[in-house]
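A.B. asks: These are the residues of each chain, in order.
Number of protein chains: 2
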Amino acid sequence: MFLSKITITLRKSILDPQGKAVEHAIGTMNIGNIRDVRMGKYIELKIDAADEAAARTMTEQVCTKLLANPIMEDFHFEVEKL
Amino acid sequence: MFLSKITITLRKSILDPQGKAVEHAIGTMNIGNIRDVRMGKYIELKIDAADEAAARTMTEQVCTKLLANPIMEDFHFEVEKL
Chain A
15 MFLSKITITL RKSILDPQGK AVEHAIGTMN IGNIRDVRMG KYIELKIDAA DEAAARTMTE
75 QVCTKLLANP IMEDFHFEVE KL
Chain B
15 MFLSKITITL RKSILDPQGK AVEHAIGTMN IGNIRDVRMG KYIELKIDAA DEAAARTMTE
75 QVCTKLLANP IMEDFHFEVE KL
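If you read the protein sequences in the order shown, they are chains A and B.
Just so you know, we're using our numbering here: the first sequence kicks off at 15 and counts up by one.
Just so you know, we're using our numbering here: the second sequence kicks off at 15 and counts up by one.
Calculated directly from the structure, the hints in this document are not laboratory data.
Treat the hints with caution; some may be incorrect.
No copy labels: a pair is met if it fits in one copy or bridges any two.
Listed next, the in silico DSS-like pairs over lysine-lysine satisfying Cα-Cα at most 30 Å (straight line) [unchecked claim]:
| # | residue 1 | residue 2 |
| --- | --- | --- |
| 1 | LYS34 | LYS79 |
| 2 | LYS95 | LYS34 |
| 3 | LYS60 | LYS34 |
| 4 | LYS55 | LYS95 |
| 5 | LYS55 | LYS79 |
| 6 | LYS79 | LYS95 |
| 7 | LYS19 | LYS79 |
| 8 | LYS55 | LYS26 |
Next comes chain A alone, as it looks inside the complex (with noise of 0.2 Å):
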């Protein structure tokens, strides 16, 4: 058993408008000076394989055909043994 802890993130030349909006709403709070704020998904699922390199696999399928939107999104995973 494995887990793959998968993060999808917009990619840098796409304009995130939800991260500009937690960016203001820090500016308002007085915590400092905090900038480029981008929101992204994280995904974490459990995986029945063979061994790391067949869930790797598998966790890159489910990414490209399923999670991610390979236009305007990058993903990164890794893959930890239970």
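We have chain A already, so just place chain B on it with the hints.
C.D. replies: Below, chain B alone, put in the same frame as chain A:
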């Protein structure tokens, strides 16, 4: 300048219907045995701070005061120097 990478996840005890929907979609795709899909948020932000300890404190403030719902969500973060 520091980069904070924040993940916000629903607590284990909270149902995650979006994760269940993704799990069901994966089930129809013939990728293999994947379960316990949990959807969360991923946020990156840049911080101007004197040192890493200050950057960590600011990140924690942003999480507790703005980004995470303390009743339903947990957050984790890493801070790296840019």
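A.B. asks: Each hint: holds or not?
C.D. replies: Tested hints:
no.: 1; hint: LYS34 <-> LYS79; result: both (29 Å within a copy, 17 Å between copies)
no.: 2; hint: LYS95 <-> LYS34; result: between (36 Å within a copy, 22 Å between copies)
no.: 3; hint: LYS60 <-> LYS34; result: between (33 Å within a copy, 13 Å between copies)
no.: 4; hint: LYS55 <-> LYS95; result: both (22 Å within a copy, 23 Å between copies)
no.: 5; hint: LYS55 <-> LYS79; result: both (16 Å within a copy, 20 Å between copies)
no.: 6; hint: LYS79 <-> LYS95; result: within (23 Å within a copy, 34 Å between copies)
no.: 7; hint: LYS19 <-> LYS79; result: both (17 Å within a copy, 25 Å between copies)
no.: 8; hint: LYS55 <-> LYS26; result: both (15 Å within a copy, 18 Å between copies)
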